[in-house]
Amino acid sequence: MYVYNLVDQSLVNQRVQQFRDQVRRRLSGELNEEEFKPLRLMNGLYLQLHAYMLRVAIPYGTLSSKQMRALAHIAVRYDKGYGHFTTRQNLQFNWPKLKETPDILADLADVQMHAFQTSGNCIRNVTADQYAGVAVEEIADPRITAEVVRQWSTLHPEFSFLPRKFKIAVTGSKRDRAAVRVHDIGLIIKINEAGEMGYEVIVGGGLGRTPIVGVTIREFLPQQCLLSYLESILRIYNQIGRRDNIYKARIKIVIHELGAKEFTRRVEKEWKTIRDTAIDLPVGEYERIRAFFAPLPYQSLPKNDAGFSHLKFENQDFSHWVRGNTLPHRQSGYSIANISLKPIGGIPGDASAKQMEVVADLAEKFSFGEIRVAHEQNLVLPHVKQTDLYSIWNTLKEHNLATPNLGLISDIIACPGMDYCSLATARSIPLAQDISNRFSNLRRQNDIGELSVNISGCINACGHHHVGHIGLLGVDRKGEEYYQVTIGGSADENASIGEIIGPAIPYDEVVDAIERVVETYVDLRAKNESFIDAYRRVGKQPFKENLYVTN
Amino acid sequence: MSLIKNNIIIRDSWNHLDDDTPLSAEGKVIVSLKRWQSERKLLMERQEPLGIRLKSAEGAEMISDDLAHFDLIALEFPIFKDGRSYSTARMLRERYHYKGELRAVGEVLRDQLQFMLRCGFDAFEYAGKTIPEEAISAFVEMDKFYQTVGDWGRT
Ligand code: SF4
Numbered sequence: 024m025y026v027y028n029l030v031d032q033s034l035v036n037q038r039v040q041q042f043r044d045q046v047r048r049r050l051s052g053e054l055n056e057e058e059f060k061p062l063r064l065m066n067g068l069y070l071q072l073h074a075y076m077l078r079v080a081i082p083y084g085t086l087s088s089k090q091m092r093a094l095a096h097i098a099v100r101y102d103k104g105y106g107h108f109t110t111r112q113n114l115q116f117n118w119p120k121l122k123e124t125p126d127i128l129a130d131l132a133d134v135q136m137h138a139f140q141t142s143g144n145c146i147r148n149v150t151a152d153q154y155a156g157v158a159v160e161e162i163a164d165p166r167i168t169a170e171v172v173r174q175w176s177t178l179h180p181e182f183s184f185l186p187r188k189f190k191i192a193v194t195g196s197k198r199d200r201a202a203v204r205v206h207d208i209g210l211i212i213k214i215n216e217a218g219e220m221g222y223e224v225i226v227g228g229g230l231g232r233t234p235i236v237g238v239t240i241r242e243f244l245p246q247q248c249l250l251s252y253l254e255s256i257l258r259i260y261n262q263i264g265r266r267d268n269i270y271k272a273r274i275k276i277v278i279h280e281l282g283a284k285e286f287t288r289r290v291e292k293e294w295k296t297i298r299d300t301a302i303d304l305p306v307g308e309y310e311r312i313r314a315f316f317a318p319l320p321y322q323s324l325p326k327n328d329a330g331f332s333h334l335k336f337e338n339q340d341f342s343h344w345v346r347g348n349t350l351p352h353r354q355s356g357y358s359i360a361n362i363s364l365k366p367i368g369g370i371p372g373d374a375s376a377k378q379m380e381v382v383a384d385l386a387e388k389f390s391f392g393e394i395r396v397a398h399e400q401n402l403v404l405p406h407v408k409q410t411d412l413y414s415i416w417n418t419l420k421e422h423n424l425a426t427p428n429l430g431l432i433s434d435i436i437a438c439p440g441m442d443y444c445s446l447a448t449a450r451s452i453p454l455a456q457d458i459s460n461r462f463s464n465l466r467r468q469n470d471i472g473e474l475s476v477n478i479s480g481c482i483n484a485c486g487h488h489h490v491g492h493i494g495l496l497g498v499d500r501k502g503e504e505y506y507q508v509t510i511g512g513s514a515d516e517n518a519s520i521g522e523i524i525g526p527a528i529p530y531d532e533v534v535d536a537i538e539r540v541v542e543t544y545v546d547l548r549a550k551n552e553s554f555i556d557a558y559r560r561v562g563k564q565p566f567k568e569n570l571y572v573t574n
Numbered sequence: 005m006s007l008i009k010n011n012i013i014i015r016d017s018w019n020h021l022d023d024d025t026p027l028s029a030e031g032k033v034i035v036s037l038k039r040w041q042s043e044r045k046l047l048m049e050r051q052e053p054l055g056i057r058l059k060s061a062e063g064a065e066m067i068s069d070d071l072a073h074f075d076l077i078a079l080e081f082p083i084f085k086d087g088r089s090y091s092t093a094r095m096l097r098e099r100y101h102y103k104g105e106l107r108a109v110g111e112v113l114r115d116q117l118q119f120m121l122r123c124g125f126d127a128f129e130y131a132g133k134t135i136p137e138e139a140i141s142a143f144v145e146m147d148k149f150y151q152t153v154g155d156w157g158r159t
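Just so you know, the protein sequences line up as chains S and H, in that order. Residue numbers for the first sequence, in the working numbering: 24 to 574. Residue numbers for the second sequence, in the working numbering: 5 to 159.
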């Protein structure tokens, strides 16, 4: 993991001091709310329905045990004893008090964490594949790039007052788990024929009101040119992005209005004038950062351990969990263990302080002290020995963390919705809980197979409903909560935006409707055909017919 | 409004001239881009220092060939959230190597001062509510940065 040097640490410390002073000036009335707003937003502090909300950055979803314990401590000391992991691999505290937020930030700084740029019209906390460095099919570790981007984008003096928020995601794998095609900028690490590392650069993807899959504006950007190229894109956007209409202010609209070709031409032209200047990092700096992500001191182990196979054979529940929630690791004899934060009927992404501590302890004992946060709102122990899986599973089970539902219908992504968010038009959490309860039977879930249900409480799409295999968007119909159903979305390497199936349906009918959609799939699927593949084969008609049948 | 330059508050010796006010023979004036474009000859004949003021939508390239004529360039922040002038400032300094005074005007508040400084501004028409002496401390709140910007020959 990346470890702060003196520069990183004093930057974070100074920022805490600066924010402490800003809060003081707000409390004394010297700053009014409007003036304070952009300042607090740049430190991750929102004003929600009932209270402030602090969004802590977990850069590219990587956490140490020590950091996780600090989060648990903050949850207890300053909040109501829990936190909420988000679709941007961050953690939200829902009940902090304004005057205590500088203390929270100081506690975070002690463990090399911060809340920089988790909100506001700036470059947001960068995200990456949660299996970085451990996925079998990975080409290169995206964390080095993500850390470079994190540093470059932190308090960037030119790009801190953009037309709108700006999100960057990185993957180094053929399987896209970072949803790079629905970000303002998505970077895919590639190796060219000469064996050099570089990036495919995708721009203008995004969800929200105008969901759109991004376009590739450069097939191969040499690694050492990354920052000058990013600056070129950001500079063009900063200058011509619309500032007259908040709904048309994202970079996707620039590309839509200008055309991808003209946008690319301008970026390339700008880039010609600034590449090979001091903007790009020297090679030595890349290497310095890369060293932090060197392979860990793994043991050399056989591919399959006999004792482990025996335990799976003996214990069906364990074997289900292994099959559902663990994945092979690059290193023989190791696994990637996913921890579901979606217990049946639970709140997606919520973790209690106790659960955070349990995960921190497990990581320390079994996973080189490292934890990942997935954008699906789950946690990951990235490097565990097969032979340790059984005791990990036992501990997880005790703390309601062993639901074997990764990628299944109850592994629901949901935004906070009306329960917390001041922008919401409908609830998300209770709906997620109802759907999860309806499909509580794990055998049934396994039979249905891979199926993502994503729920957003308003058009802002924080619950990524457009890219759920089934998406639900809460809308307001004369004061009643209705939900628009989309089908066929996907956030992976074959990214697609879900299609609206028909008129929105009232809250009380949603779960039945989802069940009919699922049954439609079960009836028409070919052997081993997943929901999304079946949908792509047959189209929306059969789903539509059944969605609205009521008896 | 107070003018901050080189970490102190100074008296402003310049005049913002609006487009309708007739040009007098004397005095340091700052004119709009429009006026510069339409009265260019007249302005060049004057023997006084000249300044130009760009709106946030008016980019550096619009005056990049004329920089030798200006002793001062003022860039507007119509509202502090409009960040276009940060890009303009960097381009003037870093691409076009403009060395004269670069002044931030408009909604220039305390908590943006350091961003402005780093992008190459060296004069600030401070519009915040606090006493400007206090705002000056904003320039030194942070002294560690990740980016190499503002590389325009300041010592
Ligand atoms: S999608 Fe809407 S309701 Fe949900 S968190 Fe985002 S803004 Fe709030």
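You may find that some hints are simply not true.
Unchecked claim - Here are the in silico distance ranges between beta carbons for each label pair:
hint, chain 1, residue 1, chain 2, residue 2, range
1, H, Asp-23, S, Pro-245, 45 to 55 Å
2, S, Lys-292, H, Asp-75, 51 to 61 Å
3, S, Gly-218, H, Gln-41, 50 to 60 Å
4, S, Asp-267, H, Met-66, 28 to 38 Å
5, H, Lys-148, S, Asp-535, 22 to 32 Å
6, H, Asp-23, S, Asp-267, 45 to 55 Å
7, S, Asp-267, H, Ser-28, 29 to 39 Å
Claimed, not checked - No more than 30 Å apart at the CA atoms, straight line, and that leaves these computed lysine-lysine pairs for DSBU-like:
hint, chain 1, residue 1, chain 2, residue 2
8, S, Lys-213, S, Lys-197
9, H, Lys-133, S, Lys-295
10, S, Lys-120, H, Lys-59
11, H, Lys-32, S, Lys-292
12, S, Lys-89, S, Lys-420
13, H, Lys-59, S, Lys-295
14, S, Lys-120, H, Lys-45
15, H, Lys-9, H, Lys-85
16, S, Lys-89, S, Lys-213
17, S, Lys-292, H, Lys-9
18, H, Lys-38, S, Lys-60
19, H, Lys-133, S, Lys-89
20, H, Lys-133, H, Lys-148
21, S, Lys-295, S, Lys-335
22, H, Lys-59, S, Lys-284
23, H, Lys-45, S, Lys-295
24, H, Lys-38, S, Lys-120
25, S, Lys-188, H, Lys-45
26, S, Lys-271, H, Lys-9
27, H, Lys-103, S, Lys-292
28, S, Lys-271, H, Lys-59
29, H, Lys-38, S, Lys-377
30, H, Lys-59, H, Lys-45
31, H, Lys-32, S, Lys-122
32, S, Lys-60, H, Lys-59
To be verified - A few chain S residues that don't get close to chain H, going by computed Cβ distances all over 12 Å:
hint, residue
33, Leu-34
34, Gln-37
35, Lys-60
36, His-179
37, Ala-329
38, His-333
39, Arg-466
Hints in this document: simulated from the structure, not taken from any laboratory. Even glycine gets a Cβ: it sits at the ideal position worked out from N, Cα and C.
To see whether the hints hold, each was checked on the structure:
Taken as a hint, the range 45 to 55 Å holds for the pair Asp-23(H) and Pro-245(S), whose Cβ atoms sit roughly 48 Å apart. At about 30 Å, the beta-carbon gap between Lys-292(S) and Asp-75(H) misses the expected band of 51 to 61 Å. Restraint check, Gly-218(S) to Gln-41(H): a C-beta distance of roughly 53 Å satisfies the suggested window 50 to 60 Å. Hint check: Asp-267(S) to Met-66(H), Cβ distance near 20 Å, so the stated range 28 to 38 Å is violated.
A hinted range of 22 to 32 Å for the beta carbons of Lys-148(H) and Asp-535(S) is inconsistent with their spacing of about 57 Å. Distance hint for Asp-23(H) and Asp-267(S): a CB-CB separation of about 23 Å, inconsistent with the stated range 45 to 55 Å. At roughly 37 Å, the beta carbons of Asp-267(S) and Ser-28(H) sit within the given window of 29 to 39 Å. For the proposed pair Lys-213(S) and Lys-197(S), the alpha carbon gap of about 9 Å is at most 30 Å, so the pair holds.
Distance check on the hinted pair: Lys-133(H) and Lys-295(S) sit about 42 Å apart at the alpha-carbon level, beyond 30 Å; violated. Restraint check for Lys-120(S) and Lys-59(H): the C-alpha separation of about 40 Å exceeds 30 Å, so the hint is violated. Using a Cα cut-off of 30 Å, the hinted pair Lys-32(H) and Lys-292(S) is violated, with the two alpha carbons roughly 37 Å apart. A threshold of 30 Å between alpha carbons decides the hint, and for Lys-89(S) with Lys-420(S) the separation of about 22 Å falls inside it, so the pair holds.
For a cut-off of 30 Å, the pair hint linking Lys-59(H) to Lys-295(S) stands: about 26 Å separates their Cα positions. With a C-alpha separation of about 61 Å, the suggested pair Lys-120(S) and Lys-45(H) falls outside the 30 Å cut-off, and the hint is violated. Using a Cα cut-off of 30 Å, the hinted pair Lys-9(H) and Lys-85(H) holds, with the two alpha carbons roughly 22 Å apart. At most 30 Å may separate the alpha-carbon atoms for a hinted pair to count; Lys-89(S) and Lys-213(S) exceed this at roughly 33 Å.
Only pairs whose Cα atoms come within 30 Å are accepted, and Lys-292(S) paired with Lys-9(H) is rejected, the gap being roughly 34 Å. Proximity of Lys-38(H) to Lys-60(S) is assessed by CA-CA distance (about 35 Å); at most 30 Å being required, the pair is judged violated. Restraint check: the Cα-Cα separation between Lys-133(H) and Lys-89(S) comes to about 42 Å, which exceeds 30 Å; the hinted pair is violated. Between Lys-133(H) and Lys-148(H) the alpha-carbon distance is near 27 Å, which keeps this suggested pair within the 30 Å criterion.
Restraint check for Lys-295(S) and Lys-335(S): the C-alpha separation of about 58 Å exceeds 30 Å, so the hint is violated. For the hint pairing Lys-59(H) with Lys-284(S), the CA-to-CA distance comes to about 28 Å; that is within 30 Å, so the pair holds. This hinted pair does not check out: Lys-45(H) and Lys-295(S) have alpha carbons roughly 34 Å apart, beyond 30 Å. Note on Lys-38(H) and Lys-120(S): the hinted pairing is violated, with a Cα-Cα distance of about 50 Å set against a maximum of 30 Å.
Taken as a hint, the Lys-188(S) and Lys-45(H) pair is broken in the structure, with Cα atoms around 43 Å apart against an allowance of 30 Å. Between Lys-271(S) and Lys-9(H), the direct Cα distance comes to roughly 37 Å. Violation of the 30 Å bound is thereby established for this hinted pair. Of the supplied pair hints, the one linking Lys-103(H) and Lys-292(S) holds, its CA atoms being roughly 24 Å apart against a limit of 30 Å. Of the pairs offered as hints, the one joining Lys-271(S) and Lys-59(H) holds, with about 21 Å between alpha carbons and a cut-off of 30 Å not exceeded.
With a C-alpha separation of about 65 Å, the suggested pairing of Lys-38(H) with Lys-377(S) is violated against the 30 Å cut-off. A threshold of 30 Å between alpha carbons decides the hint, and for Lys-59(H) with Lys-45(H) the separation of about 22 Å falls inside it, so the pair holds. Under the criterion of a C-alpha separation no larger than 30 Å, the hint pairing Lys-32(H) with Lys-122(S) is inconsistent with the structure, at around 48 Å. About 24 Å separates the Cα atoms of Lys-60(S) and Lys-59(H), which keeps this hinted pair within 30 Å; it holds.
The beta carbon of Leu-34(S) sits about 4 Å from the closest Cβ of chain H, which is not more than 12 Å, so the claim that it is off the interface is violated. With a least CB separation of 5 Å from chain H, Gln-37(S) falls inside the 12 Å interface cut-off, contrary to its annotation. Not every CB of chain H is more than 12 Å from the CB of Lys-60(S) (nearest about 10 Å), against its label as outside the interface. Chain H draws His-179(S) into its interface by the beta-carbon criterion, the shortest separation being 6 Å against a cut-off of 12 Å.
The claim that Ala-329(S) lies off the interface holds: its Cβ sits roughly 50 Å from the closest Cβ of chain H, which is beyond the 12 Å cut-off. Listed as a non-interface residue, His-333(S) keeps its Cβ farther than 12 Å from every Cβ of chain H; the least gap is roughly 52 Å. No Cβ of chain H comes within 12 Å of the Cβ of Arg-466(S); the nearest lies about 51 Å off, and the non-interface call holds.
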